[in-house]
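Peer 1: Now for the letters of each chain:
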Amino acid sequence: MSLMNDNVNRRGPDTFDWCFLGVIMAIISMGILSIYSVTNPQSTTGFPIYLKQATWMVVGSLAFLVAVGIDYHKLARLSYLLYGIGLILLIIVLIAGKTSRGSQRWIPLGPFAVQPSEFIKIPLLLLLAAYYGATTREGWLRRLIIPGLIVLPGFLLILKQPDLGSSLGFLAIFLVVILAVGMKSKAFGFVVLAALMLFPFAWGGVWGSLHEYQQDRILSFVDPNSDPGGKGYHGLQSRIAIGSGQLLGKGLYGGTQTQFKFLPEGHTDFVFAVFAEEWGFIGSMILLSLYILLFLMGLEIAFKAKDIVGTLLAVGVVTMIAFGVVVNIAMTSGLAPVVGIPLPLMSYGGSAMVVNLTALGLLLNVKRRRLSLL
Amino acid sequence: MLDTSRQANELADIQNRLIFVKIGFLMLLVLLGLRLWQLQVRDGLHYQELARDNRTRSIILEPARGLLYDRNGELLANNIPSFQLYVSLEDIQDRNALLAQLPHYVDIDQQEISNKLSIKSRRGRVKIKADITLKEAALIESHRLELPGVVIQPEYQRHYPLNNYASHVLGYVGEISESQLKDPEFSDFQGGRIIGQNGVERTYDEYLLGEPGQEVIEVDALGYPKRSLSVQSPLAGDDLYLTLDIRLQRLAEDLLGQEAGAIVALDPWNGDVLALASKPGFNPNDVSGGISAKDWQRFLKDTRHPLTNRAIQGQYPPGSVFKIIMAAALLETQTLSAQEMIPCHGTFPFGRRIFRDWKAGGHGQVDLTKAIAESCDVYFYKAGNLLGIDPIATYARQFGLGEKTGIALPSERSGLVPSSEWKKRVKREPWYPGETISISIGQGFLTVTPIQMAKVASIVATNGRVVQPRLLKASRLRRTGALKEKPEPPIRQLPMSPQTFAHIKEGLAAVVTKGTAKLAQSEFVSIAGKTGTAQVVALKPDGDKDKNKEPQKEFRDHAWFVAFAPVEHPKIAVAVLVEHMGHGGSASAPLAKTLIEAYMGFETTQQPSL
Numbered sequence: 001m002s003l004m005n006d007n008v009n010r011r012g013p014d015t016f017d018w019c020f021l022g023v024i025m026a027i028i029s030m031g032i033l034s035i036y037s038v039t040n041p042q043s044t045t046g047f048p049i050y051l052k053q054a055t056w057m058v059v060g061s062l063a064f065l066v067a068v069g070i071d072y073h074k075l076a077r078l079s080y081l082l083y084g085i086g087l088i089l090l091i092i093v094l095i096a097g098k099t100s101r102g103s104q105r106w107i108p109l110g111p112f113a114v115q116p117s118e119f120i121k122i123p124l125l126l127l128l129a130a131y132y133g134a135t136t137r138e139g140w141l142r143r144l145i146i147p148g149l150i151v152l153p154g155f156l157l158i159l160k161q162p163d164l165g166s167s168l169g170f171l172a173i174f175l176v177v178i179l180a181v182g183m184k185s186k187a188f189g190f191v192v193l194a195a196l197m198l199f200p201f202a203w204g205g206v207w208g209s210l211h212e213y214q215q216d217r218i219l220s221f222v223d224p225n226s227d228p229g230g231k232g233y234h235g236l237q238s239r240i241a242i243g244s245g246q247l248l249g250k251g252l253y254g255g256t257q258t259q260f261k262f263l264p265e266g267h268t269d270f271v272f273a274v275f276a277e278e279w280g281f282i283g284s285m286i287l288l289s290l291y292i293l294l295f296l297m298g299l300e301i302a303f304k305a306k307d308i309v310g311t312l313l314a315v316g317v318v319t320m321i322a323f324g325v326v327v328n329i330a331m332t333s334g335l336a337p338v339v340g341i342p343l344p345l346m347s348y349g350g351s352a353m354v355v356n357l358t359a360l361g362l363l364l365n366v367k368r369r370r371l372s373l374l
Numbered sequence: 375m376l377d378t379s380r381q382a383n384e385l386a387d388i389q390n391r392l393i394f395v396k397i398g399f400l401m402l403l404v405l406l407g408l409r410l411w412q413l414q415v416r417d418g419l420h421y422q423e424l425a426r427d428n429r430t431r432s433i434i435l436e437p438a439r440g441l442l443y444d445r446n447g448e449l450l451a452n453n454i455p456s457f458q459l460y461v462s463l464e465d466i467q468d469r470n471a472l473l474a475q476l477p478h479y480v481d482i483d484q485q486e487i488s489n490k491l492s493i494k495s496r497r498g499r500v501k502i503k504a505d506i507t508l509k510e511a512a513l514i515e516s517h518r519l520e521l522p523g524v525v526i527q528p529e530y531q532r533h534y535p536l537n538n539y540a541s542h543v544l545g546y547v548g549e550i551s552e553s554q555l556k557d558p559e560f561s562d563f564q565g566g567r568i569i570g571q572n573g574v575e576r577t578y579d580e581y582l583l584g585e586p587g588q589e590v591i592e593v594d595a596l597g598y599p600k601r602s603l604s605v606q607s608p609l610a611g612d613d614l615y616l617t618l619d620i621r622l623q624r625l626a627e628d629l630l631g632q633e634a635g636a637i638v639a640l641d642p643w644n645g646d647v648l649a650l651a652s653k654p655g656f657n658p659n660d661v662s663g664g665i666s667a668k669d670w671q672r673f674l675k676d677t678r679h680p681l682t683n684r685a686i687q688g689q690y691p692p693g694s695v696f697k698i699i700m701a702a703a704l705l706e707t708q709t710l711s712a713q714e715m716i717p718c719h720g721t722f723p724f725g726r727r728i729f730r731d732w733k734a735g736g737h738g739q740v741d742l743t744k745a746i747a748e749s750c751d752v753y754f755y756k757a758g759n760l761l762g763i764d765p766i767a768t769y770a771r772q773f774g775l776g777e778k779t780g781i782a783l784p785s786e787r788s789g790l791v792p793s794s795e796w797k798k799r800v801k802r803e804p805w806y807p808g809e810t811i812s813i814s815i816g817q818g819f820l821t822v823t824p825i826q827m828a829k830v831a832s833i834v835a836t837n838g839r840v841v842q843p844r845l846l847k848a849s850r851l852r853r854t855g856a857l858k859e860k861p862e863p864p865i866r867q868l869p870m871s872p873q874t875f876a877h878i879k880e881g882l883a884a885v886v887t888k889g890t891a892k893l894a895q896s897e898f899v900s901i902a903g904k905t906g907t908a909q910v911v912a913l914k915p916d917g918d919k920d921k922n923k924e925p926q927k928e929f930r931d932h933a934w935f936v937a938f939a940p941v942e943h944p945k946i947a948v949a950v951l952v953e954h955m956g957h958g959g960s961a962s963a964p965l966a967k968t969l970i971e972a973y974m975g976f977e978t979t980q981q982p983s984l
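Read top to bottom, the protein sequences are chains R and X.
Here this note's numbering is used: position 13 in the first sequence is 13, and no number is missing along the way.
Each number in this note's numbering corresponds to the 1-based position in the second sequence with 374 added.
Calculated from the structure, these hints are not laboratory results.
Fair warning: there could be bad hints in the mix.
Derived list of chain X stretches under chain R, where covered just means 3 residues or more per stretch with a C-beta under 8 Å from a C-beta of chain R [unchecked claim]:
1) 380 to 393
2) 406 to 412
Simulated DEER-style distance windows between Cβ atoms [unchecked claim]:
3) X/Met401 / R/Gly84: 32 to 38 Å
4) X/Arg426 / R/Lys74: 56 to 62 Å
5) X/Lys600 / R/Leu81: 30 to 36 Å
6) R/Pro48 / X/Trp411: 32 to 38 Å
7) X/Tyr598 / R/Ala26: 35 to 41 Å
8) X/Trp411 / R/Ile85: 43 to 49 Å
9) R/Lys304 / X/Arg426: 48 to 54 Å
10) X/Trp411 / R/Leu81: 46 to 52 Å
11) X/Asp468 / R/Ala26: 27 to 33 Å
12) R/Val66 / X/Trp411: 37 to 43 Å
13) R/Pro48 / X/Ala382: 49 to 55 Å
14) R/Val66 / X/Asp468: 50 to 56 Å
15) R/Leu81 / X/Ser379: 28 to 34 Å
In this text, a Cβ means the ideal position worked out from N, Cα and C, and glycines have one as well.
Work the whole structure out from these sequences, hints included.
Peer 2: Here it is as structure tokens:
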């Protein structure tokens, strides 16, 4: 078995692999370009942010190679341990974490700050795949309640930070995996699917019908920093940024909305607005197409995976990235309330970059081992 | 291997279900794509506009007002740099905090800021305070982060280096008022604009204003300027050279001193206003620097009315000065000849009334020259009775009484020349012949302004040339730098014979040499003039019937003296009115003499004092 895997490992990357890598690198490059554009004028001191992001891309690529290299079955077996470590880190964050803009998300680690709520997603993906892949889980208890109870502490610990976006991402992965596993009940599956699909839009609709003070109350309950300027300032400025990009965009450095700080957080959560403002509808469509390509390739891997562990791992990874993309763009374009969710592969952030590239590495790992039994 | 096959079946199940996940994700992403199409393509222009409004602020660049000079190039009004406090409405983040904080740094009422900010517009800049001190500006700059939207802009502030001198001629500038903004005359103006509010600042505003420029700047989210997008430089206003001789103007004002009154000096040949003094005056620097509402009220309520330009707005009975016009009417209508002798015994009985001469016992046998020189009332009572009111009114109007002179200053008054028609129309009563007797010596309904009397003097001086008093001599166009002389105003000749003027002049010269104004006699220059005493009857309170009591100052008569000089070749015509100073011969004549001597180049070391 291990010999065969080694054989597989020794095979060079094929066209699919290169394509897959190309799409990832293209997206990351667009992110770095946007970060470069929006932070360039202010990077008078220290290491420029875009170079930091490039450094994280290198670090993430190493993690990617590691994630491709180690058989995902081995990693799946370690998932419970890794998940446990993740929970402990989340508890440490709650007790001794670094507070930034009102929420405790970071553990200082030398010159860096690590965000455990990002890192725990990898064990979560592996754990869910390992759990359903081990034996057939029959009945409600085994199929839903037990894994639910396993996922719940992570979800609650992240929510408590508070980090509404990440905790919802956590939940989304779980729900999509359950959907894939199937509940032996078409109705339930349909409800989950429909709920997931309509989630951001229903959210937007219900949200919009609430009074401002109700929204404020809910938001300040779950995340006091969702909209520090208040009164939908970020949402409006973000819509203006995206809309004013029009068809062709304003070009590099041309984004007045972001360059002049009408839209804050241009290099993190609102990086899509920066990109859309400067590269217009054409640029947005190219970026969206790249993401779609990435998801289709990911789902292709899931579809052709040789076992349940592989399939569910692939579905989880795709869900993780897709959730970030959908909610982030829905948020920046005014379809969903502003909750802090970074755009995968584009927003500035070391932890997210490393985690996303690791997850994509696992995806390629699954693909490269699908032929081993045949 | 059962387990394996079950696993294989389940794998197939899972992979079959992936199609739902795929469709789900694809639909979501297509929806996002549609949303982006909506924002960027369908509504792109709208958001483009929002983005532009977001980042640009347009600032009006105030042009430098044209400078004011006197006829000899002496500076009367200029512009000095000053700091203006603005609030940029788009950038206010917390109105209440702003209202609470600003008074800590600037001397301004919270209510006043609130009033200024209460305009409907949500965009643009509102001037909160003009000419803040350097200290205030520094304080605000150092607290700039706490005061988003507060902008200090260096701008020109109108400055009058001579302070109170010529204040009524120059006027003052001020922010365009709410009521002016509603006036169609100011329809091109935006709020906050500094415009001329009085004096020549107001009448020649169109020359002085210049054209404002506009700068569009790009700002960041805190309203800080990032860069300039476009600049349209302002165009400074034209400099104006007034006809005033500021040396004479200062002298005139100094001569009046603390008294209320007016002095007008004209060049009789072209109507140049050489001096136009009105006292008490004000310092236009106080008013132009954005006067507070409280100070303004104090100004308006001042019983001495410092803002009133008595030279053109003060309406007084002309008193005996009117005898000049009576003389012209007599001779022109040939009612009496100049040589005809009239006996004067000090009284003129008319109906049941007896009109008295100012001189008890009378002047004896009086011809026209003597009647003017000694200001014989009985002579003119008789003349008026012979003439009747309407011919008197006609001649008075010929000399420009009862109508505005048309000097380029706001709010000129016309005075009043009564006639039988006027009485019927306004008072709904017939004219009583007794009233004509009062008019004959310049009392009754008749009122004139000092500038009208200066005009009368210049008409006599030039044998009937009527010119409009003018204040603007030349202008320097800022655009080209060219100095443009104003053409001399058209001259109208009164249809009266030169003999008439010769007789009048003879009388007026005798006034100074041997008549009522001997104090105006100069050893350097021949002066002709006429004294007058305007009775302040109407002002006496009803209860005060005691005629023997020496009246309080505010009920004393006004002193007139109207003159021109030199008699042979007149160069200056003067009207002097000093309120509540009694007889023109003693109070006003010496002032006219000093002024004339100064104008003719004979400086007297000792100035008369009132």
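Peer 1: Each of the hints needs a verdict: does it hold here or not?
Peer 2: We went through each hint and held it up to the structure:
For the stretch 380 to 393 of chain X, the stated coverage by chain R holds: 9 residues have a C-beta nearer than 8 Å to a C-beta of that chain, and at least 3 were required. Counting residues of the stretch 406 to 412 of chain X whose CB lies closer than 8 Å to any CB of chain R gives 5, which reaches the minimum of 3, so the coverage claim holds. Restraint check, X/Met401 to R/Gly84: a C-beta distance of roughly 37 Å satisfies the suggested window 32 to 38 Å. Separated by about 57 Å at the C-beta atoms, X/Arg426 and R/Lys74 satisfy the suggested range of 56 to 62 Å.
For X/Lys600 and R/Leu81, the Cβ-Cβ distance of about 53 Å falls outside the hinted range of 30 to 36 Å, so the restraint is violated. For R/Pro48 and X/Trp411, the Cβ-Cβ distance of about 34 Å falls inside the hinted range of 32 to 38 Å, so the restraint holds. Separation of X/Tyr598 from R/Ala26 is about 36 Å and conforms to the stated range, judged on CB atoms against 35 to 41 Å. The supplied range of 43 to 49 Å is met by X/Trp411 and R/Ile85, whose beta-carbon atoms lie about 45 Å from each other.
At roughly 51 Å, the beta carbons of R/Lys304 and X/Arg426 sit within the given window of 48 to 54 Å. Here the CB-CB span from X/Trp411 to R/Leu81 is close to 47 Å, well matched to the stated 46 to 52 Å. Distance hint check: the CB atoms of X/Asp468 and R/Ala26 are about 44 Å apart, inconsistent with the given range 27 to 33 Å. For R/Val66 and X/Trp411, the hinted distance range of 37 to 43 Å is satisfied, since their beta carbons lie about 40 Å from each other.
For the hinted restraint 49 to 55 Å between R/Pro48 and X/Ala382, the CB-CB distance of approximately 52 Å keeps it satisfied. For R/Val66 and X/Asp468, the Cβ-Cβ distance of about 52 Å falls inside the hinted range of 50 to 56 Å, so the restraint holds. Range check, R/Leu81 to X/Ser379: Cβ separation about 31 Å, and the 28 to 34 Å hint holds.
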